[in-house]
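Residue numbers (this note's numbering), protein chains in the order written: chain V, 262 to 435; chain A, 36 to 570.
Possibly wrong hints are sitting among the right ones.
To be verified - DEER-style ranges, computed between Cβ atoms: (1) V:Glu277 - A:Tyr194: 42 to 52 Å; (2) V:Lys272 - A:Asn227: 44 to 54 Å; (3) A:Pro290 - V:His346: 35 to 45 Å; (4) V:Asp386 - A:Pro198: 19 to 29 Å; (5) A:Thr117 - V:Val275: 32 to 42 Å.
What the hints assert, rightly or not - In silico contact screen, one side only, chain A against chain V (beta carbon under 8 Å); selected entries: (6) Leu174; (7) Val196; (8) Leu197; (9) Pro198; (10) Gly201; (11) His205; (12) Ile207; (13) Gly239; (14) Tyr240; (15) Lys243; (16) Ser265; (17) Asp267; (18) Ser329; (19) Glu333; (20) Val386; (21) Ser564.
The hints are simulated quantities; they were obtained by calculation from the structure and are not laboratory data.
Backbone N, C-alpha and C define an ideal beta-carbon position, used for all residues, glycine too.
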Amino acid sequence: MFNHILRALTKGPVTEPAPSPSADGLAELAGRIEAASRARLGRSLSIRAVDAGSCNGCELELHALNNPIYDVERFGLRFVASPRHADVLLVTGPVTKNMAEALRRTWDATPDPKWVVACGACAIDGGVFAGSYACVGPVETVIPVDLRIPGCPPRPAELLAGLLSLLEHSASRG
Amino acid sequence: MTDQTDTASPNTARLFDRLDTLGPRAVEHRPWPRHLTDRAGWLTLIDDLEKDGGLALIGLWADADAGGHKVHAALRDEASGTGAVAVVSLPCPDGRFPSLSAVRPSAIRLERAIQDLFGLVAEGLTDPRPWLDHGRWGLRHPLANTPTTTDGTAPPPSYPVLPCEGEGLHQIPVGPVHAGIIEPGHFRFTANGETVVRLEERLGYVHKGVEALMRGQPVERAAKIIARLSGDSTVAHSIAFAQAVEAALGLTIPPRAVWLRALMAELERLANHLGDIGAIANDAAFSFLLAHLSPLREAVLRAADACFGHRLMMDCVVPGGVAPDIAATGPQRLLDLTADLRRRFAPLVAVYDDKSSLQDRTLTTGVIHRGLANRFAAGGFVGRASGRDGDARKSPGYAPYTDLEFEVPVLTEGDVNARVWIRIREVEQSLSLIEQIIRRMPGVPRGPDGITPPPLLTLPSVGEERAGMALVESFRGEILTWVRLSADGTVARCHPRDPSWFQWPLLEAAIEGNIVADFPLCNKSVNGSYSGHDL
Numbered sequence: 262m263f264n265h266i267l268r269a270l271t272k273g274p275v276t277e278p279a280p281s282p283s284a285d286g287l288a289e290l291a292g293r294i295e296a297a298s299r300a301r302l303g304r305s306l307s308i309r310a311v312d313a314g315s316c317n318g319c320e321l322e323l324h325a326l327n328n329p330i331y332d333v334e335r336f337g338l339r340f341v342a343s344p345r346h347a348d349v350l351l352v353t354g355p356v357t358k359n360m361a362e363a364l365r366r367t368w369d370a371t372p373d374p375k376w377v378v379a380c381g382a383c384a385i386d387g388g389v390f391a392g393s394y395a396c397v398g399p400v401e402t403v404i405p406v407d408l409r410i411p412g413c414p415p416r417p418a419e420l421l422a423g424l425l426s427l428l429e430h431s432a433s434r435g
Numbered sequence: 036m037t038d039q040t041d042t043a044s045p046n047t048a049r050l051f052d053r054l055d056t057l058g059p060r061a062v063e064h065r066p067w068p069r070h071l072t073d074r075a076g077w078l079t080l081i082d083d084l085e086k087d088g089g090l091a092l093i094g095l096w097a098d099a100d101a102g103g104h105k106v107h108a109a110l111r112d113e114a115s116g117t118g119a120v121a122v123v124s125l126p127c128p129d130g131r132f133p134s135l136s137a138v139r140p141s142a143i144r145l146e147r148a149i150q151d152l153f154g155l156v157a158e159g160l161t162d163p164r165p166w167l168d169h170g171r172w173g174l175r176h177p178l179a180n181t182p183t184t185t186d187g188t189a190p191p192p193s194y195p196v197l198p199c200e201g202e203g204l205h206q207i208p209v210g211p212v213h214a215g216i217i218e219p220g221h222f223r224f225t226a227n228g229e230t231v232v233r234l235e236e237r238l239g240y241v242h243k244g245v246e247a248l249m250r251g252q253p254v255e256r257a258a259k260i261i262a263r264l265s266g267d268s269t270v271a272h273s274i275a276f277a278q279a280v281e282a283a284l285g286l287t288i289p290p291r292a293v294w295l296r297a298l299m300a301e302l303e304r305l306a307n308h309l310g311d312i313g314a315i316a317n318d319a320a321f322s323f324l325l326a327h328l329s330p331l332r333e334a335v336l337r338a339a340d341a342c343f344g345h346r347l348m349m350d351c352v353v354p355g356g357v358a359p360d361i362a363a364t365g366p367q368r369l370l371d372l373t374a375d376l377r378r379r380f381a382p383l384v385a386v387y388d389d390k391s392s393l394q395d396r397t398l399t400t401g402v403i404h405r406g407l408a409n410r411f412a413a414g415g416f417v418g419r420a421s422g423r424d425g426d427a428r429k430s431p432g433y434a435p436y437t438d439l440e441f442e443v444p445v446l447t448e449g450d451v452n453a454r455v456w457i458r459i460r461e462v463e464q465s466l467s468l469i470e471q472i473i474r475r476m477p478g479v480p481r482g483p484d485g486i487t488p489p490p491l492l493t494l495p496s497v498g499e500e501r502a503g504m505a506l507v508e509s510f511r512g513e514i515l516t517w518v519r520l521s522a523d524g525t526v527a528r529c530h531p532r533d534p535s536w537f538q539w540p541l542l543e544a545a546i547e548g549n550i551v552a553d554f555p556l557c558n559k560s561v562n563g564s565y566s567g568h569d570l
C-alpha cells in the first residue's frame, strides 16, 4: 500500500484533462439562468442523482465520473446524498410510474435555485421503453428540464462536457 | 437452516427419472424437455420439491396465448451430478395454480409477480401481497389476455410491511431514492439499537413493463430492449436472449461469433468485479482500494470501447451472431490489457489481504448459510461464497466454455469476505479466459472475393411457433431466458429471469443480527440488480 502511495506522489495524478464544455449544452442553457442565481452559485454545483427507472447503465457511467481518471470534483461538481443539499437534480431513466411520485417529491425537496438535467436517451424521450404502460415518459413530463445529455448511456466525457457547460453558464456573470 | 442436498429418498425414483409420468413432452421446446402436466402432476411436483432438496427451482413464469394461461416451472437436478434441466407446464383454465412457495421460498416473489402481471391466483401463496404492481399503472394484469384498466389518478393502496414487534424496536425506512448513485428500492429496517432484527425489501420501483414491450416485436427490436434490462449485465442478457432465440429456431451461429460473445462476456465480468471489489472496500470506509481499482475498471471499459465501439458493449450481441466484429487492433489491445491488469491487480489484492482493519468489517459479516442458498438455488458469487459450485458455463455448459480451461472458485464461509474473494478469483479466471479466447478464436473467414462476412446470420423463417430457453452465466450468476416465437417470427413471450430474483431475498437473511452500519457492505457484496429484477 505504501508503495502505491509513494508512486502516486512521485508520478503525479492519473487524472486526464477536461473536455471542452458541450456547445449544445451551452446553447440550451442560454437565457435560462437568472443573474442572481449565477452570483449565488459561483463555480460549484452540488448534484443529486435520481434513478427514475434507468437500466443502471447511466449510473455506471456516473460512477466513472468519480474515478481518479475523470475526477469530477476538481471542477466543483459534487454528488451529494440529499436533495436538500443539491443545486442540480440529474435524472436518469424513462420515469416509471412507480417512481414518478418519488421524483416529484425529490424535486420539491430541492431548494431554489435548482436545475434539472435529463441524462441519457430514456430520460430525454423514454428510449426503448417509450409507450410502456409502466412508464410516464420523458423527465420533462414530470418536472421542468434545463439540460439534456444524450447517449445510451452517455460516455463519462460527454457527461462531463454537459455538466461543465452548466457550470460555465452558472459562473459567467453576464 | 440445514443442508437439504442429500435428503432425497433412496426408495423412490427421482423426479428427473420419471418426468414422462407428469405428462407428454412438448415437441417445439429446445434444448431442454418441457412436459405438459395437469393439476395432479403439478401437485406431484410440489411433493417432490418438498422431499427432494436436490431439486432446484430455477425459474417460474406464466404465459398467455389463445389457448389460455399457463405457468411454467424450470427445474434442475442438483443432486445427481448430471445437472439435468427440464420445464414443467400447467395450463390454468380457471385462472389458478397451486403455489410452490411453501416448498421453495424462492417462488414467493416470482408468484407475486405472476399474480400482478397475469392475474393468475397462486393458491396457498405464503405472502399474497402485490409485488411489482404498486397500484400506479392505471392497469391491472398487463400481460393477461384481458387486462383491466383502473383509475390511474386514485391514490395507490397502502402496502403493509410485515409486522415486527418487541420491546425497544424501532423502524428505519430507506428509499426508494437512496443516498448514493444507486438504483431505487425501499428497505425497511427494524432495529434494536444498532442491531438489525429484520430487513424487509420492497422492490418494483423500476418496473418498466419490459415483458409487455417485447411482446409482438420483431426479434431485432426485442434484443434492443433486452440489452437494456440491466445495464451492468447487458452482454450476458443479450447472449441469453440470443441463445434462446437460436435454440428455438435451431440456428447454429458462426463459430467466430460464439467466441466473440464469450470475449465480451468476460470483459463485462472483469469490469463489474473490479468496480465492485473497490466499492465494497469503500463501503467499509477504505477508499484507497476504490481509488486504485476504479481506474482498472475504466481501462477495461476503454478497451471494450476500442474493440467493439461501446463501453458496455450494449447491442453488440444480437440473435444470429454479433453486430460488429472486433476491431483489427482489438486482440492485441486486449492482450496488453490483461498483461497490465495482471501486473496491477495482484498488489491490490495483497493490500486487501493485509489490512486487518478492513477484514474486521468483512469477516463474519452478512453470513448467508449454505442451506438457505440451496433452497433459493442462488448462483454467482453469492452462491459460490456459500458452498454452491454452480456455474452455467460449466453446467449445463455452452460453447466456447466447454473448450476452455477455467476453475469455478467456491468457498463455504458465506460472509462478505468470502464474496470478495470469490470475485477476486473470478477476476483472475476471466483474465485467463480472455487470453485463451484471443489465442484460440477462429480467424476472420474470407470469401474467395476477398470480402469478409460479418459473424452474423439472418434469422430463418420457420413458419411455425417455436420455444427456446437458455442458461447463461452473467457476472452476477445464472440468467434463465425463455422465449416463445410466433409463426411469423415475432416474440410472442419472453421471460428473462435475472439471477437477482434468488439473491435479493438472501440479503434479508444476511443482514439479520448485523449492525445497521454494515448494511452497505452486505448490500454491495450481494449486489442485486434492481432493474433486472423489476423488469
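Do the hints match the structure? See the list:
A beta carbon spacing of about 46 Å between Glu277 (chain V) and Tyr194 (chain A) agrees with the range 42 to 52 Å that was offered as a hint. Between Lys272 (chain V) and Asn227 (chain A) the beta carbon distance is about 50 Å. The supplied range of 44 to 54 Å therefore holds. For the pair Pro290 (chain A) and His346 (chain V), the beta carbons lie near 54 Å from each other, so the given range of 35 to 45 Å is not met. At roughly 43 Å, the beta-carbon separation of Asp386 (chain V) and Pro198 (chain A) lies outside the given 19 to 29 Å, and the hint is violated.
Under the hint 32 to 42 Å, the C-beta atoms of Thr117 (chain A) and Val275 (chain V), about 50 Å apart, miss the expected range. A distance limit of 8 Å between C-beta atoms decides the matter here; for Leu174 (chain A) the minimum to chain V is near 5 Å, and the interface restraint holds. Residue-level restraint check for Val196 (chain A) is violated (minimum Cβ-Cβ distance to chain V is 17 Å; threshold 8 Å). Interface hint status for Leu197 (chain A): violated, as the beta-carbon distance to the closest one in chain V is roughly 20 Å, over 8 Å.
Using the Cβ-Cβ criterion of 8 Å, the hint placing Pro198 (chain A) at the interface with chain V is not satisfied: the shortest such distance is roughly 24 Å. The closest approach between the C-beta of Gly201 (chain A) and any C-beta of chain V is roughly 30 Å, which is over the 8 Å cut-off, so the hint fails. Given the 8 Å rule on beta carbons, the hint for His205 (chain A) is violated: about 21 Å separates it from the nearest Cβ of chain V. Checking Ile207 (chain A) against chain V by beta carbon gives a least distance of about 15 Å; that is not within 8 Å, so the hint is violated.
Annotation: interface hint on Gly239 (chain A) holds; nearest CB of chain V at approximately 6 Å, less than 8 Å. Because the beta carbon of Tyr240 (chain A) sits about 5 Å from the nearest beta carbon in chain V, less than 8 Å, this interface hint is met. A least Cβ separation of about 5 Å between Lys243 (chain A) and chain V falls short of the 8 Å threshold, and the interface hint therefore holds. Here the hint on Ser265 (chain A) is kept, as its CB sits about 6 Å from the closest CB of chain V, short of 8 Å.
Nearest Cβ of chain V to the Cβ of Asp267 (chain A): about 6 Å, under the 8 Å cut. The hint holds. Evaluation of the Ser329 (chain A) hint against chain V yields a held restraint, the C-beta minimum of about 4 Å falling below 8 Å. A cut of 8 Å between beta carbons decides the hint on Glu333 (chain A): the least distance to chain V is about 5 Å, and the hint holds. A distance limit of 8 Å between C-beta atoms decides the matter here; for Val386 (chain A) the minimum to chain V is near 5 Å, and the interface restraint holds.
A least Cβ separation of about 7 Å between Ser564 (chain A) and chain V falls short of the 8 Å threshold, and the interface hint therefore holds.
Comparing the model with each numbered hint stated earlier shows that hints 3, 4, 5, 7, 8, 9, 10, 11 and 12 do not hold.
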